[in-house]
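On the provided structure of chain G, position chain R as indicated by the hints.
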Amino acid sequence: MNEGHVISEEELDHLVELFHRQGPVMGVKERKDQPGHYLFDWLNTPEEFVAQYVTTTIPPKKAFFPPNETLFTFDSGDPPKLTNQLPRQENFVLMGVHPCDLAAIDALDAAYTQPPGEVRWPSLRDRSLIVGMDCMPDEYCFCSSVETLDARTSCDMFLTRIGRGYLLEVHTQKGERFLEDITLSPVEEPDLEEARKWRAKKAEAMTAAFDVPVEAFREILKRGGLTEVWRQVAERCYSCGSCNTTCPTCFCFDIVDDFDAGLQSGVRRRTWDSCQLLDFALVAGGHNFREERWQRVRHRWHRKFLYLYEQFGRPYCTGCGRCSRACTADINIVDVTNRLVAFSKSSHE
Amino acid sequence: MTAIDSVTDTEVFMQLEMAGGHELGHQPGQFIQLSRLGFGEAPFSVCSSPTRPDRFDLCIREVGNLTGAVHRLAVGDWVGVRGPFGKGFPVEKLKGRDVLAIAGGLGIVPLRSLIGYITDRRNACERFVLIYGTKSPSLILFGDEMAGWEKAGLETTVTVDEPDERWQGRTGVITEPLKETDIDPSNAVAILVGPPVMFRFAIAECLNKGLSEDAIFVSLERNFQCGIGKCGHCQINDLYVCQRGPVFCLTELQSRTEAVETWAPGKDQD
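Chains as they are written, first to last, in the numbering used here: chain G, 526 to 874; chain R, 192 to 461.
With the rest of the complex left out, here is chain G (with noise of 0.2 Å):
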């Protein structure tokens, strides 16, 4: 398909209207606490809608598998009765995407549906449409190193800024569909020269880099021998948490019940998890198999970079830099993976 399109920005604003008109939307909104950050919500209004941004504190995925939410609901009665919660039945649109996101998207498309499968994201997923948008770095990103600068999987439609508004590509006849009443133009040879632009500024604009390809990291973590480095980390991690919350492709989780004040009827819930917290990998004799931080750290890097890459066949980390970001001892996951590819290199001399 990828048949592509011009659109203008009094257009693109005419299509947020339209995606609002059938249902709801979640799309990008500057947060009214913290000007010039950005979260995914539900807009209240087409107007609300924020093309241009640096990335969100908390990825999309959460259109999906929100950070908490009812399974199902329960009396205990004589037999007890149980109600399923069904998540979201309804159509609804996931509106400007940067690709490490859509990458993210794909990925736990991936994780999540294989058997035996869960059943609540991909329900979602099934209504969802979702519009991609180009995007700029700052210092925390590093897509390029992930192989997901140019990512469209997972999208129905993606906008790449250009002079005369976006240009339009259309990934699905989904997506399709949905613009028979916008006024669009035929892309033209300098529209195509724009967007390439965007792209070459977007890689040259990348500072954060790895050291060497990731498959080529996949190999170093396998080999091992790098505790050394794992130990040198974790006297600074806190083990708080924040990287795996703002992880877009980190799917762990926790179900939890709550009884009602009556103590008769309540609620059964999940939760996301972080493998970084400290009772993560306890069991009920008291055995934890991940007692030490560093051994936490590790396994996230192995998580990301090995144990999963070498399950689906891509990492599970897409170079968002959401993790760098958030976290409270400023451990940037660029750094730490450059520190263990120079330390494997010294010790393999």
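Do not rely on the hints blindly, as some may be mistaken.
Claimed, not checked - A few chain R residues that face chain G, going by a derived Cβ cut-off under 7 Å, partial list only: (1) L228; (2) G229; (3) G231; (4) V266; (5) W269; (6) V272; (7) E412; (8) K421; (9) C422; (10) D429; (11) E449.
FYI, nobody ran anything at the bench for these hints, they're computed from the structure.
Ideal Cβ positions, reconstructed from N, Cα and C, are used throughout, including at glycine.
Okay, now just chain R, sitting in the frame of chain G:
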């Protein structure tokens, strides 16, 4: 719930029947997720054999909120069950072989599903040698069933760490009776269920007896939340225990570092 009994100061034994006359359809060594609504859900090994499919048994130690709530249940109460999950004991590999089953503490609970299977299908293996160790005589589980096990041809040894004045059996760690057991290593399969410290010493002793790594199986305890390889809690390095375990062949664990605390003492843990 069709039966519930306190069998020690800390453990209850319970029998469950599925609503609508369904069968659980488990394999020996598999686990289920048991819920008591409002208190949560946690994994427990099924401790009865699938050869008795009408009902199934659990044996649960009180350690926290959920297990405390389970201890307060009575006959006729409802609990939630999901499962069975995971890969159980390698019953297909036992035919014609001598089985050396080693249980430490609560490890006897999952093993009882295999013991029941063997006593019901005596041709499922050749010899079945059970070595069971607990801290004290008061913690012995299924003591009243052992005479029946022996009658069915199982060779059982029980040892305790701290005997009381009435204890007439063996005293000491599990590796002692294991050392004395005469078994043909070329035809034996060892199955170990217990705490990490037991694995370390009992596995070394099995290897010492000449058993090969592919004839040693261990059942591991993890904090499973989902049972479908997604929630991440049960991971041993790259392995989801709820999918590939809880019963593992030793060969699957040798290169991994998070299976049993200090799996390879002295080795760089990375």
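Here's how the hints hold up against the structure:
1. For L228 of chain R, the suggested interface contact is upheld, since its CB lies about 4 Å from the closest CB of chain G, less than 7 Å.
2. Contact between G229 of chain R and chain G, as hinted, is supported at the beta carbon level, the nearest pair being about 4 Å apart and thus within 7 Å.
3. Evaluation of the G231 of chain R hint against chain G yields a held restraint, the C-beta minimum of about 5 Å falling below 7 Å.
4. The interface hint given for V266 of chain R is violated, since its Cβ lies 13 Å from the closest Cβ of chain G, which is over the 7 Å cut-off.
5. Annotation: W269 of chain R was flagged as interfacial toward chain G, and the flag holds, the nearest CB pair being 5 Å apart, inside 7 Å.
6. Hint on V272 of chain R is violated. Least Cβ distance to chain G is approximately 12 Å, over the 7 Å limit.
7. Hint status for E412 of chain R: holds, given a least beta-carbon distance of 5 Å to chain G, under 7 Å.
8. Evaluation of the K421 of chain R hint against chain G yields a held restraint, the C-beta minimum of about 5 Å falling below 7 Å.
9. Using the Cβ-Cβ criterion of 7 Å, the hint placing C422 of chain R at the interface with chain G is satisfied: the shortest such distance is roughly 5 Å.
10. With 7 Å as the threshold, the beta carbon of D429 of chain R comes within range of chain G, its nearest partner Cβ sitting at about 4 Å, so the hint holds.
11. Given the 7 Å rule on beta carbons, the hint for E449 of chain R holds: about 5 Å separates it from the nearest Cβ of chain G.
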